[in-house]
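Undergrad: Protein sequence lines, in the order shown, are assigned to chains A and B. Numbering-wise, the first sequence is residues 0 to 116 according to numbering that gives the first Met the number 0. Numbering-wise, the second sequence is residues 0 to 153 according to numbering that gives the first Met the number 0.
It should be emphasised that the hints constitute simulated quantities derived from the structure, not laboratory data. You may find that some hints are simply not true.
[Claimed, not checked] Computed footprint of chain A on chain B, listed as stretches where at least three residues anywhere in the stretch have a Cβ under 8 Å from a Cβ of chain A:
no., segment
1, 34-46
2, 60-73
3, 81-95
Backbone N, C-alpha and C define an ideal beta-carbon position, used for all residues, glycine too.
As a plain string of letters, each chain reads:
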Amino acid sequence: MPSKYSLLKESWNMILMYALALIMIFVLTFHLLLVSPLTGRTFDQLLNYNYVLQNLTYYRIVFGLLLYAAVIHGLNGLRIVLIEWLHVKRFQWAVNVIIVILMAILLAFGTYTLIVL
Amino acid sequence: MGEEKKEKRYKSGLLRSLWPYNFNVERYTYTLHRITGVILILYLMAHVFEIYHVALGPVAWEQTMALLGSLGIWEKIGLWIIAGSALYHGANGFRLILNEVFGMLLGKPVLPEYPYTPTSLSRNQKIAIYLIVLVVEALWIWAGIYLLWGLGII
Numbered sequence: 000m001p002s003k004y005s006l007l008k009e010s011w012n013m014i015l016m017y018a019l020a021l022i023m024i025f026v027l028t029f030h031l032l033l034v035s036p037l038t039g040r041t042f043d044q045l046l047n048y049n050y051v052l053q054n055l056t057y058y059r060i061v062f063g064l065l066l067y068a069a070v071i072h073g074l075n076g077l078r079i080v081l082i083e084w085l086h087v088k089r090f091q092w093a094v095n096v097i098i099v100i101l102m103a104i105l106l107a108f109g110t111y112t113l114i115v116l
Numbered sequence: 000m001g002e003e004k005k006e007k008r009y010k011s012g013l014l015r016s017l018w019p020y021n022f023n024v025e026r027y028t029y030t031l032h033r034i035t036g037v038i039l040i041l042y043l044m045a046h047v048f049e050i051y052h053v054a055l056g057p058v059a060w061e062q063t064m065a066l067l068g069s070l071g072i073w074e075k076i077g078l079w080i081i082a083g084s085a086l087y088h089g090a091n092g093f094r095l096i097l098n099e100v101f102g103m104l105l106g107k108p109v110l111p112e113y114p115y116t117p118t119s120l121s122r123n124q125k126i127a128i129y130l131i132v133l134v135v136e137a138l139w140i141w142a143g144i145y146l147l148w149g150l151g152i153i
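Input sequences plus hints: build the corresponding full structure.
TA: Below, the structure written as structure tokens:
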């Protein structure tokens, strides 16, 4: 039964989760390949400032897509775990509020990083 | 099991639900999916702030890397756990999309009859689960070797 504290109907929430998961399968695989030994670089070379900066600026849109998909999918997943754990309306309301605040903070930091580079 | 004991178990919350009592293989995948999901979101929060230091310039980035580097082998073990979590969560998530969005790998629905074998745990479903475990294990070992190589251990 939909709670009055829900931001979306849970059925739409799940469709959003699946859609974001599908996006992430491709985008995250791309991100992991960029930091994998397949690039021919050692672990320390992959963490070199210029290499990280070059990747973030060159693939800005891909990383933006990954940021939004991962943050929304991840925090919504955490919200689901928490509200299924404790069926107390006040707790569920608090979880929803905290998750929205966390989402706003993470997206603000991530978007700022991608824009100013 | 007595009624009182049963009642207590139903009210025992998250930690008890993770306790692998009377689980079938699908329940293990479900539990592991949640655990790896929580690990990944905690890492993601830290990772967004880590990458934010790129925007602050090379000095801030090098300081962050030095701080993480000071963790020594624990940094690599942490990354290895995160790599394993990402591999498992991704592969199992893909299986769940096939199951729940496309209705694939599921058995035909039947009336529940004793001993209540779940039809969702079809032969194809079991093959998919074991294949995921195999592929994730192989890639996780590869990630471990790569991280140890980065440490100069091998």
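Undergrad: Indicate, hint by hint, whether the structure satisfies it.
TA: Hint check results:
Chain A is given as covering the segment 34-46 of chain B, and this holds because 6 residues of the stretch bring a CB closer than 8 Å to a CB of that chain, at least three being needed. Given a C-beta distance limit of less than 8 Å, the hint that chain A covers the segment 60-73 of chain B holds, as 3 residues qualify and 3 suffice. For the segment 81-95 of chain B, the proposed coverage by chain A is satisfied: 4 residues have a C-beta within less than 8 Å of a C-beta in that chain, meeting the threshold of three.
In the structure shown, no violation is registered for any of the earlier numbered hints.
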